[in-house]
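Asks: Generate coordinates for the entire structure from the input sequences, incorporating the hints supplied.
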Amino acid sequence: MKYIYLKTIGLVKPTILENLVKSLDMLFPFQSKLIVDEENPLFAFEPKRDQYYAKKMIEKLAGELPLDCEKLVGITDVDLCTPVLTFVYGEAQLSGNVAVVSLNRLRQEFYYLPHNDALLVERLLKECIHELGHCYGLFHCNNSKCVMCFSNSIISIDNKKKNFCVGCKEFVDKTIRKENYA
Amino acid sequence: MHKSKILVVDDEEIMRCSLSDWLKEDGYDVLAVEDGYQALEKIKKEEWDLAIVDLKMPKMDGIEVLKRVNKSKPGLPVIIITAYATVDSAVMAIKEGAADYVVKPFNPEEISRVVARLVEHQRLIKDNIHLRKELTKRFKFQDLVGKSSNMLKVIEMIKTVAPTNSTVLIRGESGTGKELVARAIHELGPRKKFPLIAAACGAIPESLLEAELFGYEKGAFTGAVSQHKGRIEMADNGTLFLDEIGDISLKTQVDLLRFIQEREFRRVGGNTPIKVDIRIIAATNKHLEKMIAKGEFREDLYYRLNVITIEIPSLRERREDIPILAEHFLEKFSLSTGKTFHGFSEQTMQVLVDYDWPGNIRQLENSIEHAVVVANEPEIHTKFLPQMLVTLETQRYETKPYLSLEEVEKNHILTVLKTQNWNIKKTADFLGINRVTLYNKIKKYQFRKK
Numbered sequence: 001m002k003y004i005y006l007k008t009i010g011l012v013k014p015t016i017l018e019n020l021v022k023s024l025d026m027l028f029p030f031q032s033k034l035i036v037d038e039e040n041p042l043f044a045f046e047p048k049r050d051q052y053y054a055k056k057m058i059e060k061l062a063g064e065l066p067l068d069c070e071k072l073v074g075i076t077d078v079d080l081c082t083p084v085l086t087f088v089y090g091e092a093q094l095s096g097n098v099a100v101v102s103l104n105r106l107r108q109e110f111y112y113l114p115h116n117d118a119l120l121v122e123r124l125l126k127e128c129i130h131e132l133g134h135c136y137g138l139f140h141c142n143n144s145k146c147v148m149c150f151s152n153s154i155i156s157i158d159n160k161k162k163n164f165c166v167g168c169k170e171f172v173d174k175t176i177r178k179e180n181y182a
Numbered sequence: 001m002h003k004s005k006i007l008v009v010d011d012e013e014i015m016r017c018s019l020s021d022w023l024k025e026d027g028y029d030v031l032a033v034e035d036g037y038q039a040l041e042k043i044k045k046e047e048w049d050l051a052i053v054d055l056k057m058p059k060m061d062g063i064e065v066l067k068r069v070n071k072s073k074p075g076l077p078v079i080i081i082t083a084y085a086t087v088d089s090a091v092m093a094i095k096e097g098a099a100d101y102v103v104k105p106f107n108p109e110e111i112s113r114v115v116a117r118l119v120e121h122q123r124l125i126k127d128n129i130h131l132r133k134e135l136t137k138r139f140k141f142q143d144l145v146g147k148s149s150n151m152l153k154v155i156e157m158i159k160t161v162a163p164t165n166s167t168v169l170i171r172g173e174s175g176t177g178k179e180l181v182a183r184a185i186h187e188l189g190p191r192k193k194f195p196l197i198a199a200a201c202g203a204i205p206e207s208l209l210e211a212e213l214f215g216y217e218k219g220a221f222t223g224a225v226s227q228h229k230g231r232i233e234m235a236d237n238g239t240l241f242l243d244e245i246g247d248i249s250l251k252t253q254v255d256l257l258r259f260i261q262e263r264e265f266r267r268v269g270g271n272t273p274i275k276v277d278i279r280i281i282a283a284t285n286k287h288l289e290k291m292i293a294k295g296e297f298r299e300d301l302y303y304r305l306n307v308i309t310i311e312i313p314s315l316r317e318r319r320e321d322i323p324i325l326a327e328h329f330l331e332k333f334s335l336s337t338g339k340t341f342h343g344f345s346e347q348t349m350q351v352l353v354d355y356d357w358p359g360n361i362r363q364l365e366n367s368i369e370h371a372v373v374v375a376n377e378p379e380i381h382t383k384f385l386p387q388m389l390v391t392l393e394t395q396r397y398e399t400k401p402y403l404s405l406e407e408v409e410k411n412h413i414l415t416v417l418k419t420q421n422w423n424i425k426k427t428a429d430f431l432g433i434n435r436v437t438l439y440n441k442i443k444k445y446q447f448r449k450k
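Chain order of the listed sequences is A and B. Be aware that the first sequence starts at 1, since it is given in the numbering used here, and climbs by one per residue. Be aware that the second sequence starts at 1, since it is given in the numbering used here, and climbs by one per residue.
Treat the hints with caution; some may be incorrect.
In silico DSS-like links for lysine-lysine, alpha-carbon gap of 30 Å or less [said to hold, decoys possible]:
#1 Lys59/B / Lys56/A
#2 Lys56/A / Lys3/B
#3 Lys290/B / Lys383/B
#4 Lys24/B / Lys162/A
#5 Lys178/A / Lys44/B
Estimated spans, in silico, between C-beta atoms of each pair [as the list claims (entries may be wrong)]:
#6 Met26/A / Leu208/B: 56 to 66 Å
#7 Glu18/A / Gln261/B: 55 to 65 Å
#8 Arg49/A / Glu46/B: 33 to 43 Å
#9 Ile129/B / Arg177/A: 54 to 64 Å
#10 Pro66/A / Gly27/B: 25 to 35 Å
#11 Asp127/B / Asp173/A: 55 to 65 Å
#12 Ser153/A / Asp127/B: 22 to 32 Å
#13 Tyr37/B / Pro114/A: 51 to 61 Å
Hints listed in this document are in silico derivations from the structure and should not be mistaken for laboratory results. Cβ atoms here follow ideal geometry from the backbone N, Cα and C, with glycine treated the same way.
Replies: What follows is the structure, given as structure tokens:
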């Protein structure tokens with residue numbers, strides 16, 4: 001039996017992750033498991049930008065995959081970036097096994113707004129599903145309501161739904177069938 | 001769906017990978033190279049929709065790459081990217097024709113907007129070129145005119161087969177408009193949004209036909225310096241029109257048969273099977289059944305192609321269409337030359353209708369074009385028609401039952417005089433009369449050498 005693993009990278013509030021696990025279980029035909037690693041990801045820190053490289057986290061996570069792992073999503077509270085982008089909400093290996101998502105810019109506080117845990121979990125769920133979609137080989141979707149639509153602002157994340165559109169869902173189901181039951 | 005192709009040029013590996021990964025997630029087909037020389041080589045060999053070029057690179061800087069791209073591929077948009085932005089370099093880049101200048105690292109919102117805008121712009125340019133070509137072709141499609149029962153049957157058949165996916169074999173003499181019929185089937189069918197790719201099998205040398213149809217991989221043979229898509233691959237989702245199918249060799253017939261059966265092929269020198277979804281329309285002026293009997297055409301390929309047959313009548317089999325076709329071509333060439341005509345003289349139209357037109361509609365079209373170019377009067381007279389038609393017309397009048405003996409004599413003497421280049425002795429010998437008699441006839445009929 002395979003699992004979708006959620007692994008913390010540094011400190012992350014446990015209640016948020018519990019809610020996330022429940023929601024993911026309903027969307028994918030795999031159960032989710034949580035791994036807690038509270039060590040600060042200094043290996044990915046880029047002092048010039050005061051941010052953390054998403055790719056370095058992905059590379060580290062890819063080297064630590066459990067044997068029964070279907071996909072693994074790293075969850076971190078630090079601000080993520082890539083060499084070419086000023087920030088990213090998350091990053092994934094396209095048609096790979098690992099993704100990473102940051103809570104940092106999903107928080108209302110980042111935009112000087114009052115704290116809202118429910119909204120944070122919803123945004124985190126959307127980003128996790130989005131990155132898992134990339135792991136299953138999906139590109140960005142032109143449907144603005146589809147979870148695979150590219151988000152370059154918090155508004156665009158809030159605008160989209162936490163589901164795949166019909167086409168993307170079909171693609172993911174087909175890929176899961178091919179990878180696991182072929 | 002066609003993926004837009006983006007070329008990334010950056011000397012830093014981490015930048016190349018990061019940018020490529022991000023663009024790939026957006027569904028682009030991305031290739032990253034590390035210097036300007038490699039970039040120019042790739043640009044020369046393949047079609048790209050966008051190039052993203054780093055400004056500072058050791059071997060050749062981004063501005064130099066931009067200048068050279070503008071010379072070799074002026075339509076290709078280039079975004080200059082840099083981590084060391086200065087006003088001078090930005091001005092320089094824009095002056096040299098950069099589509100945009102973006103500072104690294106990029107704001108995700110900004111770069112996605114810039115890339116999407118340029119790719120969309122490039123797509124619109126390509127669409128525009130495609131539509132212009134289609135417009136020209138549509139104009140030609142109007143040439144498929146006729147009211148004869150023979151032609152109405154053809155048009156009815158086109159309407160019946162167009163919505164299906166069946167393979168069609170079009171038969172008819174050279175110049176009858178087989179390609180027009182193929183285009184009409186394509187245009188009226190569900191694949192009209194995709195291209196109709198024609199391959200004139202008879203016009204392509206045998207040694208090149210396989211590569212032309214199936215494409216080839218780089219290094220497949222001497223001179224294959226880059227990967228090349230074949231006509232079959234280009235026609236994906238659309239229609240492949242194989243003209244002059246009777247002219248292909250037995251070896252190519254085998255390859256074609258395999259492709260038609262499996263709808264899958266490999267490029268020359270390649271191992272990867274490529275699947276395509278195309279409709280096939282073939283055409284020939286050859287008698288394929290006779291060729292099969294002689295062992296020159298494969299029977300199995302014949303049955304694969306001959307699912308539905310459309311026979312296009314020759315022009316002499318639908319003479320009643322000649323006036324309408326002639327008027328149509330007159331209008332067409334009047335428009336293109338800017339001349340105005342009232343129409344054809346009665347005698348000219350009679351000549352056109354009576355002529356046998358071995359070259360069919362193509363010959364008629366060329367003859368009308370000739371007349372339009374030569375004519376300096378508002379009505380097209382026989383003197384404006386090509387010499388060959390006029391000579392035959394004169395001969396034809398000799399045999400017309402309603403001409404008097406004197407008229408026949410007059411026409412005949414004039415024809416022989418012309419064919420003998422006004423050599424009196426030769427003409428007299430040919431006619432079996434003496435020179436004095438010939439002079440008298442010339443005087444009587446008031447012939448003048450022009």
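Asks: Run the structure past the numbered hints and jot down the numbers of the failing ones, going up.
Replies: Per hint list: 3, 5, 9 and 11 violated.
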